[in-house]
Amino acid sequence: MDAAPLLTTDQMASFVSRGFLRFDAVVPDEVNAQAMEELPGLFRSWLDEFRGVSSGAPTATDATDDGEAPLPRSGTVLRDAYAPDSAFGRMVRVPVIAGAIASLVGDDPVVDHHFVHIKTAGDLHAQGLHCDAIIDQGPAFDIQLFWFPHDVAPREGGTRFVPGSHLRRVNMDDVARYHHLAGEQYFSGEAGTVVIFHQGLWHAGAPNHGSRDRLMGKLRLNPTQPQVRLWDTSDLAPRNRADDHMFARMEPGMVAAELRRSEPWYEPSVHRLETVQRSTLWRYLTGDPDFDVDWYLTRTERRAALVTP
Amino acid sequence: MLWLASPSLDSRVLGWSWFDGTAGAGPQLDGDPPYATGLAALVDGWRMLQMSPLIPPVPGHERDTSFLKHEFVFERIIDAG
Numbered sequence: 000m001d002a003a004p005l006l007t008t009d010q011m012a013s014f015v016s017r018g019f020l021r022f023d024a025v026v027p028d029e030v031n032a033q034a035m036e037e038l039p040g041l042f043r044s045w046l047d048e049f050r051g052v053s054s055g056a057p058t059a060t061d062a063t064d065d066g067e068a069p070l071p072r073s074g075t076v077l078r079d080a081y082a083p084d085s086a087f088g089r090m091v092r093v094p095v096i097a098g099a100i101a102s103l104v105g106d107d108p109v110v111d112h113h114f115v116h117i118k119t120a121g122d123l124h125a126q127g128l129h130c131d132a133i134i135d136q137g138p139a140f141d142i143q144l145f146w147f148p149h150d151v152a153p154r155e156g157g158t159r160f161v162p163g164s165h166l167r168r169v170n171m172d173d174v175a176r177y178h179h180l181a182g183e184q185y186f187s188g189e190a191g192t193v194v195i196f197h198q199g200l201w202h203a204g205a206p207n208h209g210s211r212d213r214l215m216g217k218l219r220l221n222p223t224q225p226q227v228r229l230w231d232t233s234d235l236a237p238r239n240r241a242d243d244h245m246f247a248r249m250e251p252g253m254v255a256a257e258l259r260r261s262e263p264w265y266e267p268s269v270h271r272l273e274t275v276q277r278s279t280l281w282r283y284l285t286g287d288p289d290f291d292v293d294w295y296l297t298r299t300e301r302r303a304a305l306v307t308p
Numbered sequence: 000m001l002w003l004a005s006p007s008l009d010s011r012v013l014g015w016s017w018f019d020g021t022a023g024a025g026p027q028l029d030g031d032p033p034y035a036t037g038l039a040a041l042v043d044g045w046r047m048l049q050m051s052p053l054i055p056p057v058p059g060h061e062r063d064t065s066f067l068k069h070e071f072v073f074e075r076i077i078d079a080g
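Going down the list, the protein sequences come from chains G and P.
Last residue of the first sequence? That's 308 in numbering that gives the first Met the number 0, and every number before it is there in order.
Last residue of the second sequence? That's 80 in numbering that gives the first Met the number 0, and every number before it is there in order.
So that you can see chain G by itself, here it is in the shape it has in the complex:
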C-alpha cells in the first residue's frame, strides 16, 4: 500500500463544522469497475433473502458458491475485514481514503456494517430525511463512507444530505418532515468519488430521474482509540487560539474561522449553539480543554468556577 496522506487541519475543521468530507474521483477506474461487478450481486442476494426468495445471502462464515469472499461481521478490524483484492478491500486501501480513515478513526477501526444501496432508474421515491442508527452520544464518533463507483449526474439518485446537521440530537427519521432545507445538497459527481459522513449527518435516498440504476456502497466504521490528533497536526498549534475574537474582528487563519461557519438553514440563535457543539468536539479531537470559539464555553466555565458548591 502506498503511504496514506493524512488529512490537513483545514479538512478536519471542515469535517467538524459541516459533518462531511468529499474526495472526488479518487478510486481508480478498475476498482470502480470491479465494484460494478461485485456490489449489485451483494444487494440482490440480500434482497432475495429479504423477500424470502432464498436464503442465499453470503454470511460471515460461509463463502458463496461463486467464490465471493465472506462478509465481515460487526466488530471485525478493518484491515482483516475485506480481502485486499475485493472491491471494498481495494477501495479502503486507496491512499487518500486510507489516510482519511486513519485521520478520523485511527489505524485500527472496526467495521460496524456495510451495505449496497441501489436506486433503480425511474424510481422517484424520495426517502425521508434521517440519520443512521439512533441518538449516539458524542463526542467520539463513527464515520460512514459513501462510495459512488460510477458517474452520477444531477437528479440521477445522488444521496441528499444536509451540511452541518451532524451535531443535532435527533433520532433516525424524526426529521423526515423536512422536505427542503436551504443549502442541502444532492450528490452528483464522477465515478470513484467517496464522501465521508459523520455518523449524525442527515441524509436520504433521492429520486432517480435518470435512465440507469444508481449504485452506492456504504461502510460504517467505529474508532477503537481516542480520536485525538490523528491527522497531520504540523500546523495546528499556531492556529488553535481560543482568543482570536477582538473587537468584533476575527483573526484570519485560525481554526475558529471554520468552526464559526453557518449554514443557510441554521436559525441565527441556533448557529451560536452549533459553534459550542463544534468547540466541544474540537476539544476532544485536539485534547485541548481550553479551546473555544468566541468565548462561549470559557466565560460560562470561568463563572461557574467562582461559585462555591
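Hints listed in this document are in silico derivations from the structure and should not be mistaken for laboratory results.
With a straight-line Cα cutoff of 25 angstroms, these simulated SDA-like cross-link-like pairs (lysine to any residue) come out:
hint, chain 1, residue 1, chain 2, residue 2
1, P, Lys68, P, Arg46
2, P, Lys68, G, Ala181
3, P, Lys68, G, Ile134
4, P, Lys68, G, Arg168
5, P, Lys68, G, Val269
6, P, Lys68, G, Tyr185
7, P, Lys68, G, Arg176
8, P, Lys68, G, His178
9, G, Lys217, G, His179
10, P, Lys68, P, Gln49
Got chain G; can you put chain P on it based on the hints?
This is chain P only, laid out in the frame that chain G set:
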C-alpha cells in the same frame, strides 16, 4: 409547512414542505423556497394553523441543538372539483 429563522412570522424561510391534498389536481407551488417569509404565505392567501410554542430549554441541555425551532403550519382550501 415553513421553518423560519426566528419566532417572528416575517423572518426568513429556512425550510419548507408541502403536502398536496389534491394529489396534483390543484395549483402547484413554485419557487425555491415558495415564499421568502411566513408573512408572504399569508399575503398569498394561506391561513396559519399553528406555530411552534416558545419552550425554555430543558435544564442541563441548554446548549443542545436538535429540530428546527420555528415551525409554522398553513393550509389553503381549494375547490379541486
